[in-house]
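Participant: Residue numbers (UniProt numbering), protein chains in the order written: chain Z, 1 to 242; chain F, 1 to 242; chain B, 1 to 242; chain C, 1 to 242; chain D, 1 to 242; chain U, 1 to 242.
It should be emphasised that the hints constitute simulated quantities derived from the structure, not laboratory data.
For clarity, every value in this text was computed on a predicted model and none was experimentally measured.
Take these hints with a grain of salt, some might be off.
Any copy will do: because identical chains look the same in the list, a pair fits if it lies in one copy or spans two.
[As the list claims (entries may be wrong)] Here are the computed lysine-lysine pairs in the BS3-like style, where the Cα-Cα straight-line distance is at most 25 Å:
1. Lys149 - Lys227
2. Lys215 - Lys149
3. Lys200 - Lys215
4. Lys154 - Lys82
5. Lys215 - Lys227
There are 6 protein chains.
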Amino acid sequence: MTTRADGRALDQLRPVTIERGWSSQAEGSALISFGDTKVLCTASFTNGVPRWLAGQGKGWVTAEYAMLPRATNERSQRESIKGRVGGRTHEISRLIGRALRAVVDTKALGENTLVIDCDVLQADGGTRTASITGAYVALADAIEWGREKGFVAKKAQPLSDSIAAISVGIIDGTPMLDLPYVEDSRAETDMNIVMTGSGKFVEVQGTAEGAPFDKAELDQLLELGAKGCADLTVLQREALGR
Amino acid sequence: MTTRADGRALDQLRPVTIERGWSSQAEGSALISFGDTKVLCTASFTNGVPRWLAGQGKGWVTAEYAMLPRATNERSQRESIKGRVGGRTHEISRLIGRALRAVVDTKALGENTLVIDCDVLQADGGTRTASITGAYVALADAIEWGREKGFVAKKAQPLSDSIAAISVGIIDGTPMLDLPYVEDSRAETDMNIVMTGSGKFVEVQGTAEGAPFDKAELDQLLELGAKGCADLTVLQREALGR
Amino acid sequence: MTTRADGRALDQLRPVTIERGWSSQAEGSALISFGDTKVLCTASFTNGVPRWLAGQGKGWVTAEYAMLPRATNERSQRESIKGRVGGRTHEISRLIGRALRAVVDTKALGENTLVIDCDVLQADGGTRTASITGAYVALADAIEWGREKGFVAKKAQPLSDSIAAISVGIIDGTPMLDLPYVEDSRAETDMNIVMTGSGKFVEVQGTAEGAPFDKAELDQLLELGAKGCADLTVLQREALGR
Amino acid sequence: MTTRADGRALDQLRPVTIERGWSSQAEGSALISFGDTKVLCTASFTNGVPRWLAGQGKGWVTAEYAMLPRATNERSQRESIKGRVGGRTHEISRLIGRALRAVVDTKALGENTLVIDCDVLQADGGTRTASITGAYVALADAIEWGREKGFVAKKAQPLSDSIAAISVGIIDGTPMLDLPYVEDSRAETDMNIVMTGSGKFVEVQGTAEGAPFDKAELDQLLELGAKGCADLTVLQREALGR
Amino acid sequence: MTTRADGRALDQLRPVTIERGWSSQAEGSALISFGDTKVLCTASFTNGVPRWLAGQGKGWVTAEYAMLPRATNERSQRESIKGRVGGRTHEISRLIGRALRAVVDTKALGENTLVIDCDVLQADGGTRTASITGAYVALADAIEWGREKGFVAKKAQPLSDSIAAISVGIIDGTPMLDLPYVEDSRAETDMNIVMTGSGKFVEVQGTAEGAPFDKAELDQLLELGAKGCADLTVLQREALGR
Amino acid sequence: MTTRADGRALDQLRPVTIERGWSSQAEGSALISFGDTKVLCTASFTNGVPRWLAGQGKGWVTAEYAMLPRATNERSQRESIKGRVGGRTHEISRLIGRALRAVVDTKALGENTLVIDCDVLQADGGTRTASITGAYVALADAIEWGREKGFVAKKAQPLSDSIAAISVGIIDGTPMLDLPYVEDSRAETDMNIVMTGSGKFVEVQGTAEGAPFDKAELDQLLELGAKGCADLTVLQREALGR
């Protein structure tokens, strides 16, 4: 049987912690960790929407992802100093935004804007999936803040579901859940799966880093991912006290 | 039965044309069209590799994607004038590069660099999948150019397989192949599938734009995509005279 | 007698083709070729003018020029990736804009904006003169589109004349018309001439790349250029079916 | 007698905590808090120096400061997205670097580079002084790491002293130590003082935000600052276990 | 006794000239020289304020500092070509703006904007202090221009005081006034002092470039600076014909 | 007879002054004025050439043009702050560089680099022609500096001729020499002429701002320009003491 370096079962998450309300400044926040990966997620609530959306009775949710320069084992140059945001950063920011919007009913949100910032303080694989999972907690709290302030209608249900994400991959031919950097860098196939609390897919992104994969392998990965997302959904509910 | 606006069957590609060798300047090139989507793909062959790769006996393949400002129905501002490359552009450039590298044996390529440019001259949905499909033809010709010049070893097989891509989506609950803009903008789920000529997956990117999707829908989409990629593989072979 | 590499007479244009309406998206378009130089010109018509011009009853015409990275024999880096538009690009964009505005009566155009994009798909000398010549065709069609839509008054004459441009130069002491790259790179003097259909000058830009030139040489170049522009004027009329 | 909003004495620091070794990736690190201000300081040790310094037998120490977008009460735009680093960020980065270099003997450090990143996770006044104070702890640990790895000579003393910094200011005519945002924004005069562990000045930056100040006021501020830096020096020693 | 390279006493300014009204374009201007340092200061007066300040009955004063590429002994790259403004430029621009605002009563100024540009034509130490000193003269004239045009109320006193600045430093243990480059580059401690005409401090910025400094040294530097600012105040009054 | 606003004859230059050696920092310099237009030209001499030119025994001459923000009647934003160099700036920089290179024998110059900076301190039309005319004086002195230092061979003749430039234009149908802003802004045709001291053309740039122009008008403008350049050549010789 395959043993993982950290002794986990193939379908087991790393230790996950969610420190809800870590920030005293943001309307919603969570410091989430998937093992050594730590992401600070803050949700900023603003009454009103960007000009191009005004007057339609709908809200707006967007996200930005970034990594501190020394989150990783080798220091990388700041994107602010390079003067441009890299392709990877852009791509993950867009992914997080799409994932969150999939469970937001913008009509019910009303003309309010939520900006979710996911800043990776320490990186050890799975930063995008930890970001999505923590961002949901921050988002949920910021929406409740907006409700208390009267910006969101009392009986409105802006959140149609919860959302969580996890990585899966094939290493040495074996599908595994929640890859740390040491596994991720060796994976032949790497997949990120975003699912709702009710178990439907919102995003499936699989890439053959080495050998192409077939339908059977794809099915195994999807199953592992569904298990991981279900486990995260439980942890999110606990963090939110529901 | 569902009728599509352009009269196509649900599993039918739009008319595809591949003008191989369209450019008299590049080492390999193809002007590919998927219906009204037209992409000029050029492959630039350079003997030698970037400094960070030198001395390892391996080659390098990368890709850049861009759209002319009036490729679309409304003119968009040039990224050169904005002074930054947008997230979508970055994301697609990276996707094309990954797709091509999946069928390149960089050891067999030797210390040579291939840059594939995919410039969308006219856009009507499916620009990234047309880009990948056309890029493969340009790449194949540029590698043969390198062999003729003696930069690639006579018996080397730098291409382990061919690569093609297609979009699929669910519109009004019905899965369909190769979406033009009018369908794409209405799709509840949108998926891009990249496959090798031998029928294995290299990249699967599915996104719920509207309602989340379930495993059964995902399976239907994968099947349609496999059919489309197989059809494109035949057209690529014909274009390359094989 | 001097023989040119491609067998042309000294005052003879390269083969010129104008594919009017090449783009199905733009309000006016032309794919123009001067020998191996190919430029896609699109004209985008927008009802209304930039804020700084509003309320004066006048329209606005501007142009942008760019080259695909592999239009030339060696690939050049994209200006979008460099993050800045180069001096040469700026200079030619401004030249094309000035040339077009010289034949547009902005009062007759009314408060409408035309943006002409000239994207060089393949470059072999004379890209700026081909751009101006093709841009006029795209512009003329876009204005007619605006008339049909009711944005331009029925009897208005926004175009006071046609406009065309050609390069001339002195190679080994001999003045010649319409230089491809191989001649242009050897020219002692290089001149671009922009003229109206009625034979007047709009722009004369002559530069001594090698030895300075005298008045007699200048006069010869101007005469050759006038001949070339007159020939192009005929081709423009044919393309526009007039 | 003047009472401060948080009940502190005029010459009293806010609660200070220093979590040494917070990061598992960096060679030295500290999460420092001055009240609600929280800064993550990481020190990255690289053997070797930038090219312009090579071969002189001297090391290099530099620092970068930045704030997370939602560190403050209102979200600010990321500098990576603006495409440029703001004046305030630049100024503080330069200040931190100068402060650290004042206690580093670059000859004793040898040809090694230390980059200190100070990222403000939460801001409530005094972010630059907390950064300097925490950066010293991260720096000290990274130098010891370098010594253990053999990059720094066994008996070398790269640190000639410790360094700490604190803000002082005059509010309603009363000089006070360590201003949180609510005080800082009302201060007539605002001063940042950087001092060595042995009680000498490295940097004094005083600015009249309201009324200009006289020599007597300046002397009072300097005395308060000296007291605050001495208190921080004790805390730094404790954190470093000395 | 210490002799300075240029024969000056320790508390003596370099020859200072102020050519008031040097520019025929700006509303106020001065070409100021401190020895070989020459700075062109222009003040641009605009009726109205930036949008974020509108309707509050207050004016706005800001400053920008820059150096010509060959102001210094070695040519430096233009910041316009680098595409970003350097940290030092930002820092000095902010300093000049703060210094000027310290003597402007923005209520008395009314809703008017003053932009002061300080462009260093030649640099030999003390460019920021010469800039502040010259900027005051340009500012004073521009305010009078605004009064003549009726934009500033007849009896309003927008200037509460005058402002001047000078550098001081410790070289080989000896405090000195107004350092040219040759002294500045050797200084152990370097301080810039900004004072009002009535002798109060607006800004004190002292930095230990070499050994840290103590309170006694700081006091000596402040005294020298006060003397220098008083001398400059006299010269400003003469230049303004008061 | 046409009278000009400033009383000049149609073929008369504005008062021209050339302060040679204005800068104490640059190897060559001139502060040139054409009426109220004032340009500071500095020439920076560096032994050695850019890497791409090394080893060919040839030198390099390049130029950069810029305007101070308040050189003009209305303040314009700094290009360093915009983060990009405008089209006009680029175009004029390139023009100055080409003009100077036309009289430099780069073989005779040897492997040395000259960067000419032309910074417009005050603008009243003709800034590019004043720049070229002043730049030649700065260049000539910098080359002599290089000869004295032994970087340029004793008997080498790097300057094959002198170079000067002037603007001409047609206002109300009348051709005139050396247009100040008030004339330039009304000109129907605007032309810049760059000529060698021996009376040959290096650059001719004519643009119809209003009505297109014919050959007869062009000839008149060229004659006026030749007269103006000849007058400037005399002034350059006087400034250089020849």
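Participant: Taking the hints in turn, state whether each one holds.
Facilitator: Hint check results:
1. In this homomeric assembly, Lys149 and Lys227 never come within 25 Å of each other (Cα to Cα): the closest approach is 37 Å inside a single copy and 43 Å across copies.
2. With identical chains, the CA atoms of Lys215 and Lys149 are never at most 25 Å apart, being 50 Å at best within one copy and 40 Å at best between copies.
3. Taking the closest pair of Cα atoms, Lys200 and Lys215 come within 25 Å of each other both inside a single copy (19 Å) and across two copies (8 Å).
4. Neither within a single protomer nor between protomers do Lys154 and Lys82 lie at most 25 Å apart by alpha-carbon distance, with minima of 45 Å and 37 Å respectively.
5. Within a single copy, Lys215 and Lys227 get their C-alpha atoms as close as 19 Å, and across copies as close as 14 Å, so both meet the 25 Å cut-off.
Of the numbered hints given earlier, the model fails hints 1, 2, 4; all others are met.
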